[in-house]
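Protein chains: 2
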Amino acid sequence: MKTIRLNLKTRSYPIFIEEGLIVKTGCLLKNLMIGKDAVVITNNNLRKRFGAKVKNSLEKHGFTSKFYVVPDSEKAKSIQYCLSLINKISKYDKKKQVFLIALGGGVIGDLTGFVASIYKRGIHYIQIPTTLLAQVDSSIGGKTAIDLKVAKNLVGAFHQPRAVIVDPGLLKSLPKRQLKSGLGEVIKYAIIKDRSLFSFLKNNRKKIFSLDKKAIELIERKCIYIKAKVVENDEFEKKGIRTILNFGHTIGHALESACEYDKYNHGEAISIGMICAADIACNLKIFNEKDLDKIIDLIKLYNLPGRIKGVTLNKIMDSLVRDKKFIQAKNRFVLPKAIGKVIVKKNIPENIIRGTILKYS
Amino acid sequence: MKTIRLNLKTRSYPIFIEEGLIVKTGCLLKNLMIGKDAVVITNNNLRKRFGAKVKNSLEKHGFTSKFYVVPDSEKAKSIQYCLSLINKISKYDKKKQVFLIALGGGVIGDLTGFVASIYKRGIHYIQIPTTLLAQVDSSIGGKTAIDLKVAKNLVGAFHQPRAVIVDPGLLKSLPKRQLKSGLGEVIKYAIIKDRSLFSFLKNNRKKIFSLDKKAIELIERKCIYIKAKVVENDEFEKKGIRTILNFGHTIGHALESACEYDKYNHGEAISIGMICAADIACNLKIFNEKDLDKIIDLIKLYNLPGRIKGVTLNKIMDSLVRDKKFIQAKNRFVLPKAIGKVIVKKNIPENIIRGTILKYS
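As given, the protein sequences belong to chains A and B, one line each in that order. Read in our numbering, the first sequence has 224 at position 224, and its numbers run on one by one without any break. Read in our numbering, the second sequence has 250 at position 250, and its numbers run on one by one without any break.
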């Protein structure tokens with residue numbers, strides 16, 4: 001088993017990575033001093049598929065377990081489900097030592113983490129991510145959130161999990177489109193920090209799409225390592241270091257939002273966002289056209305979209321201005337300097353942004 | 001001006017204490033790098049009384065200000081007002097550098113702090129406490145919360161303010177009963193940590209009740225210093241150090257809750273709670289009867305209640321078991337060893353607790 005430790009003093013935690021780990025959940029948690037009574041938050045589908053494995057493993061190692069299900073969609077990240085969970089937990093939490101387990105993708109991870117952050121001013125929680133996107137990205141680093149009507153992730157907290165259990169075996173039943181969405185984030189890690197991962201992705205499409213055990217574990221380890229190091233250096237996203245993880249996300253998020261989170265999933269939207277960011281970088285003469293082409297080719301190789309369809313430039317620009325990343329009314333882009341290296345640039349002229357979006361529309 | 005610094009590394013902040021400080025708000029905040037656009041959360045009454053002073057001072061020093069009012073009662077600490085504020089702030093927060101100011105007592109401080117903790121995963125906020133209770137206790141230390149129907153303060157976060165502005169002059173229009181409620185907490189500080197404060201309180205009732213400037217500033221400085229040192233040593237209440245601030249609160253909270261937060265205000269309830277805790281300590285032979293009598297006398301001297309009325313023992317015991325402080329089904333009491341020194345004791349036998357409550361009923 002590979003273990004990557006995320007070092008944040010009293011908030012440090014292990015990220016365990018290996019196929020088959022889900023049946024070892026209880027064993028992995030037993031020495032963490034997080035309490036005895038697990039409340040597992042998941043959806044019906046995942047509960048059917050993995051619930052018994054988690055439950056049996058927990059009980060084998062002296063934990064009790066209680067499952068609460070939420071809908072299998074972004075709807076679960078609402079204040080209503082958040083409050084409903086807190087009410088259920090508070091009724092269940094008598095003479096108990098409750099901690100939470102997020103068994104699911106990004107939605108369940110964000111919701112569970114946020115509940116854990118505000119219930120009784122913070123209780124322990126564990127992430128068992130079940131999608132590629134969650135395994136390499138959202139389950140790690142303690143960003144939790146729910147959506148309000150006015151904006152996604154408007155309400156949230158930084159609250160680190162006490163452990164992350166990454167079992168690539170869980171991806172076997174993942175729909176292909178969700179797998180590709182995760183690969184969008186994997187490509188992001190390659191561009192921001194790891195040229196060798198970029199080459200590996202270029203040369204191992206078949207293995208990756210067929211979920212070859214070694215290939216998947218390798219890309220997961222590489223991505224998780226990058227994420228862990230970035231978070232260690234800028235836990236609260238205050239030093240401009242964690243910002244690089246937002247490569248492709250400025251236009252990506254605007255695109256998701258402009259399409260009302262319907263047309264593009266996250267990985268698809270950031271694929272277009274990465275191409276746009278790289279194009280802006282070319283425009284500013286800090287990145288070369290050849291490498292831009294390499295990025296476009298890799299994104300196409302993984303059947304991810306390279307062009308914007310079905311939404312107007314103005315709608316995307318409107319969303320862009322409303323974004324949380326537009327700090328103090330200034331835009332802020334993560335731009336590539338080379339494959340494996342990015343920088344943060346503020347105040348990109350609006351005409352350049354518009355030009356790029358039009359070019360890929 | 002006296003400044004007490006609460007040292008928590010990157011979360012350190014100053015607590016400014018002096019009569020008249022409210023008109024210097026803008027000046028005190030101008031070098032804190034907290035943003036330019038203040039959103040002041042207050043109630044109608046306080047807005048009328050102090051709003052213009054805060055607004056003028058902010059604007060004089062280059063800040064903008066926007067006021068949002070909430071009801072003048074515990075009702076404001078609800079998820080509804082929390083969400084309503086977040087929605088208003090998010091609409092206002094375009095091309096701005098928003099930070100929050102809590103202008104009010106404990107309710108407004110808790111609510112504002114919680115909103116600041118979850119809006120965009122945490123923004124800056126300032127405390128301008130307007131009651132004695134808030135000035136010596138709740139505005140300091142970063143505990144924020146709102147109430148759910150099932151329990152008070154069930155949802156919250158640790159989120160430190162960036163500064164606390166304590167202006168004892170604001171207490172001049174405070175209703176007497178609220179002043180006494182704050183004095184309950186002042187007596188608590190004396191018993192847990194400061195024998196000389198205990199004597200001062202004993203000998204200066206008249207000055208304190210007439211809000212003599214020097215006397216009030218002295219007791220506030222002493223209390224705030226104690227609170228700051230305790231919080232510095234145990235910010236997240238994990239080491240059993242911050243727990244001592246709960247002296248009188250175990251039975252006090254149970255009493256407030258059993259009376260549905262109607263009959264007793266906080267200071268009144270903890271006055272009875274302190275007497276009960278001291279009585280339990282006598283029972284366990286760790287505290288002497290003479291000092292118990294001194295505590296009872298001081299509480300009476302400040303016209304705070306020493307006996308429980310209008311609620312049954314069983315109702316109090318029920319509330320006690322439901323309390324957040326009953327960690328892992330074990331009770332935990334802060335008990336005096338001497339005036340100025342307390343210890344934390346777990347698992348006090350139920351018959352002793354019942355006996356004490358009956359004795360003071």
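The hints are simulated quantities; they were obtained by calculation from the structure and are not laboratory data. Treat the hints loosely; a few may be bogus.
[Stated by the list, open to error] Distance windows between CB atoms, simulated: (1) A:N233 x B:K2: 16 to 22 Å; (2) B:M1 x A:A151: 26 to 32 Å; (3) B:T64 x A:L313: 31 to 37 Å; (4) B:I352 x A:K229: 49 to 55 Å; (5) A:P14 x B:I352: 40 to 46 Å; (6) B:D297 x A:C27: 46 to 52 Å; (7) A:K238 x B:K239: 49 to 55 Å; (8) B:T312 x A:T10: 41 to 47 Å; (9) A:G355 x B:K2: 53 to 59 Å.
Source: prediction; values computed, not measured. Ideal Cβ positions, reconstructed from N, Cα and C, are used throughout, including at glycine.
Hint check results:
| no. | hint | result |
| --- | --- | --- |
| 1 | A:N233 x B:K2: 16 to 22 Å | violated, 38 Å |
| 2 | B:M1 x A:A151: 26 to 32 Å | violated, 40 Å |
| 3 | B:T64 x A:L313: 31 to 37 Å | holds, 32 Å |
| 4 | B:I352 x A:K229: 49 to 55 Å | holds, 54 Å |
| 5 | A:P14 x B:I352: 40 to 46 Å | holds, 43 Å |
| 6 | B:D297 x A:C27: 46 to 52 Å | violated, 58 Å |
| 7 | A:K238 x B:K239: 49 to 55 Å | violated, 26 Å |
| 8 | B:T312 x A:T10: 41 to 47 Å | holds, 43 Å |
| 9 | A:G355 x B:K2: 53 to 59 Å | holds, 58 Å |
The structure shown violates the earlier hints numbered 1, 2, 6 and 7.
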